[in-house]
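As given, the protein sequences belong to chains A and B, one line each in that order. Going by my numbering, the first sequence opens with residue 1, and the numbers climb by one from there. Going by my numbering, the second sequence opens with residue 1, and the numbers climb by one from there.
Read the hints as simulated data drawn from the structure, not as lab findings. Ideal Cβ placement from N, Cα and C applies to all residues, glycine included. Don't take each hint at face value.
Stated by the list, open to error - Facing chain A, according to a computed beta carbon distance under 7 Å, are these residues of chain B, among others:
#	residue
1	11
2	14
3	24
4	28
5	39
6	46
7	51
8	53
9	84
10	104
What the hints assert, rightly or not - Quick list of in silico lysine to any residue cross-link-like pairs, SDA-like style, CA-CA up to 20 Å:
#	chain 1	residue 1	chain 2	residue 2
11	B	42	A	38
12	B	98	A	97
13	B	106	A	101
14	B	42	A	102
15	B	42	A	63
16	B	42	A	8
17	B	67	A	2
18	B	42	A	100
19	B	98	B	11
20	B	56	B	83
21	B	56	B	75
22	B	42	B	67
23	A	13	A	63
24	B	98	A	62
25	B	56	A	101
26	B	56	A	102
27	B	56	A	47
28	B	106	B	67
29	B	98	A	13
30	B	98	B	31
31	B	98	A	10
32	B	106	B	11
33	B	106	A	99
34	B	42	A	2
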Amino acid sequence: ETGVTQSPTHLIKTRGQQVTLRCSSQSGHNTVSWYQQALGQGPQFIFQYYREEENGRGNFPPRFSGLQFPNYSSELNVNALELDDSALYLCASSLTAGIQETQYFGPGTRLLVL
Amino acid sequence: QKEVEQNSGPLSVPEGAIASLNCTYSDRGSQSFFWYRQYSGKSPELIMSIYSNGDKEDGRFTAQLNKASQYVSLLIRDSQPSDSATYLCAVESGGYQKVTFGTGTKLQVIP
Numbered sequence: 001e002t003g004v005t006q007s008p009t010h011l012i013k014t015r016g017q018q019v020t021l022r023c024s025s026q027s028g029h030n031t032v033s034w035y036q037q038a039l040g041q042g043p044q045f046i047f048q049y050y051r052e053e054e055n056g057r058g059n060f061p062p063r064f065s066g067l068q069f070p071n072y073s074s075e076l077n078v079n080a081l082e083l084d085d086s087a088l089y090l091c092a093s094s095l096t097a098g099i100q101e102t103q104y105f106g107p108g109t110r111l112l113v114l
Numbered sequence: 001q002k003e004v005e006q007n008s009g010p011l012s013v014p015e016g017a018i019a020s021l022n023c024t025y026s027d028r029g030s031q032s033f034f035w036y037r038q039y040s041g042k043s044p045e046l047i048m049s050i051y052s053n054g055d056k057e058d059g060r061f062t063a064q065l066n067k068a069s070q071y072v073s074l075l076i077r078d079s080q081p082s083d084s085a086t087y088l089c090a091v092e093s094g095g096y097q098k099v100t101f102g103t104g105t106k107l108q109v110i111p
């Protein structure tokens with residue numbers, strides 16, 4: 001167990017709907033990164049939040065957005081869901097945003113878009 | 001060219017043998033390299049991190065980094081059936097912890 005929790009564990013939505021996924025970081029960690037992992041692929045970096053500010057973003061469209069709260073928990077929001085958004089969504093927390101900091105992954109949220 | 005490349009496998013080794021997993025990357029500016037293990041249906045778990053050229057050993061695991069060749073590898077000695085999993089190579093780039101993962105190599109350790 002890494003101390004990183006995510007909710008919900010599973011979710012089914014239909015195309016065009018919106019979804020919010022949640023992540024609680026490990027105690028003392030101020031940095032959260034979100035990843036999308038499609039079946040048979042490695043995780044793809046979506047974005048990172050450091051002290052409530054977006055600190056970097058991967059190649060995902062603007063309908064993927066996020067928030068980090070003062071307690072460093074985080075949300076990932078996806079609007080106008082598409083079938084290809086079906087994936088495992090992982091959040092990872094780290095002590096700081098330093099490049100050598102270890103990222104600890106949560107168990108993930110499995111999203112199915114029908 | 002993919003940013004981080006791994007052979008998808010499966011790589012099959014007998015129990016007790018050495019498993020060798022390889023990864024190449026394209027960004028010469030990358031400074032941090034990681035190996036994660038992922039069991040089916042689970043999230044990735046960090047096994048090793050390496051930041052400088054050479055070897056780094058931790059128990060049965062050895063990570064090797066060659067920045068000139070843009071190559072990083074993971075050796076697993078005395079492989080056990082419990083080592084059967086997908087091994088993900090991850091490379092930091094962008095200077096702010098943006099980590100790019102390979103597609104993973106599936107390892108099967110045969111009893």
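Hint check:
1. Against a cut-off of 7 Å between C-beta atoms, the interface hint on residue 11 of chain B is violated, since the closest Cβ of chain A lies about 16 Å away.
2. About 26 Å separates the beta-carbon of residue 14 of chain B from the nearest beta-carbon of chain A, more than 7 Å, and the hint is not met.
3. Interface restraint check: residue 24 of chain B against chain A, minimum CB-CB distance 14 Å, threshold 7 Å, status violated.
4. Because the closest C-beta pair between residue 28 of chain B and chain A is about 15 Å apart, greater than 7 Å, the hint is violated.
5. Hint status for residue 39 of chain B: violated, given a least beta-carbon distance of 12 Å to chain A, over 7 Å.
6. At a threshold of 7 Å, the smallest CB-CB gap from residue 46 of chain B to chain A is about 6 Å, leaving the interface hint in force.
7. With a cut of 7 Å, the hint placing residue 51 of chain B at the interface with chain A holds, because the nearest CB-to-CB distance is about 6 Å.
8. A hinted interface residue such as residue 53 of chain B counts as satisfied when its beta carbon comes closer than 7 Å to some beta carbon of chain A; here the least separation is about 15 Å, so the hint is violated.
9. The interface hint given for residue 84 of chain B is violated, since its Cβ lies 17 Å from the closest Cβ of chain A, which is over the 7 Å cut-off.
10. Given the 7 Å rule on beta carbons, the hint for residue 104 of chain B holds: about 5 Å separates it from the nearest Cβ of chain A.
11. Distance restraint check for residue 42 of chain B and residue 38 of chain A: the Cα-Cα separation of roughly 13 Å lies within the 20 Å cut-off, and the hinted pair is therefore satisfied.
12. Taking the CA atoms of residue 98 of chain B and residue 97 of chain A, the gap is near 10 Å; set against the 20 Å cutoff, the hint holds.
13. For a cut-off of 20 Å, the pair hint linking residue 106 of chain B to residue 101 of chain A is broken: about 26 Å separates their Cα positions.
14. Annotation: proposed proximity of residue 42 of chain B to residue 102 of chain A holds, straight-line Cα distance about 18 Å (limit 20 Å).
15. Our distance criterion of 20 Å between C-alpha atoms is broken by residue 42 of chain B and residue 63 of chain A, whose separation comes to about 26 Å.
16. Note on residue 42 of chain B and residue 8 of chain A: the hinted pairing holds, with a Cα-Cα distance of about 15 Å set against a maximum of 20 Å.
17. Of the supplied pair hints, the one linking residue 67 of chain B and residue 2 of chain A is violated, its CA atoms being roughly 30 Å apart against a limit of 20 Å.
18. A distance of roughly 24 Å separates the Cα atoms of residue 42 of chain B and residue 100 of chain A; the hinted pair therefore is violated under the 20 Å criterion.
19. Between residue 98 of chain B and residue 11 of chain B, the direct Cα distance comes to roughly 28 Å. Violation of the 20 Å bound is thereby established for this hinted pair.
20. For the given pair, residue 56 of chain B sits about 19 Å from residue 83 of chain B by alpha-carbon distance, which is consistent with the 20 Å threshold.
21. Taking the CA atoms of residue 56 of chain B and residue 75 of chain B, the gap is about 10 Å. The hint holds against a cut of 20 Å.
22. For the proposed pair residue 42 of chain B and residue 67 of chain B, the alpha carbon gap of about 31 Å is over 20 Å, so the pair is violated.
23. Straight-line distance between C-alpha atoms of residue 13 of chain A and residue 63 of chain A comes to about 16 Å, which keeps the hinted pair within the 20 Å bound.
24. Straight-line distance between C-alpha atoms of residue 98 of chain B and residue 62 of chain A comes to about 18 Å, which keeps the hinted pair within the 20 Å bound.
25. In summary, the hint linking residue 56 of chain B to residue 101 of chain A is supported, as the alpha carbons are separated by about 17 Å, within the 20 Å threshold.
26. The hinted pair formed by residue 56 of chain B and residue 102 of chain A meets the criterion: a straight-line CA distance of about 16 Å does not exceed 20 Å.
27. The hinted pair formed by residue 56 of chain B and residue 47 of chain A fails the criterion: a straight-line CA distance of about 30 Å is larger than 20 Å.
28. For the proposed pair residue 106 of chain B and residue 67 of chain B, the alpha carbon gap of about 24 Å is over 20 Å, so the pair is violated.
29. Under the criterion of a C-alpha separation no larger than 20 Å, the hint pairing residue 98 of chain B with residue 13 of chain A is inconsistent with the structure, at around 29 Å.
30. Between residue 98 of chain B and residue 31 of chain B the alpha-carbon distance is near 11 Å, which keeps this suggested pair within the 20 Å criterion.
31. Simply put, residue 98 of chain B and residue 10 of chain A have alpha-carbon atoms about 26 Å apart, too far for the 20 Å limit, and the pair is violated.
32. The hinted pair formed by residue 106 of chain B and residue 11 of chain B meets the criterion: a straight-line CA distance of about 6 Å does not exceed 20 Å.
33. For the hint linking residue 106 of chain B to residue 99 of chain A, the alpha-carbon distance of about 27 Å lies beyond 20 Å, and the restraint is violated.
34. For the given pair, residue 42 of chain B sits about 12 Å from residue 2 of chain A by alpha-carbon distance, which is consistent with the 20 Å threshold.
Hint violations for this structure: numbers 1, 2, 3, 4, 5, 8, 9, 13, 15, 17, 18, 19, 22, 27, 28, 29, 31, 33, all remaining hints satisfied.
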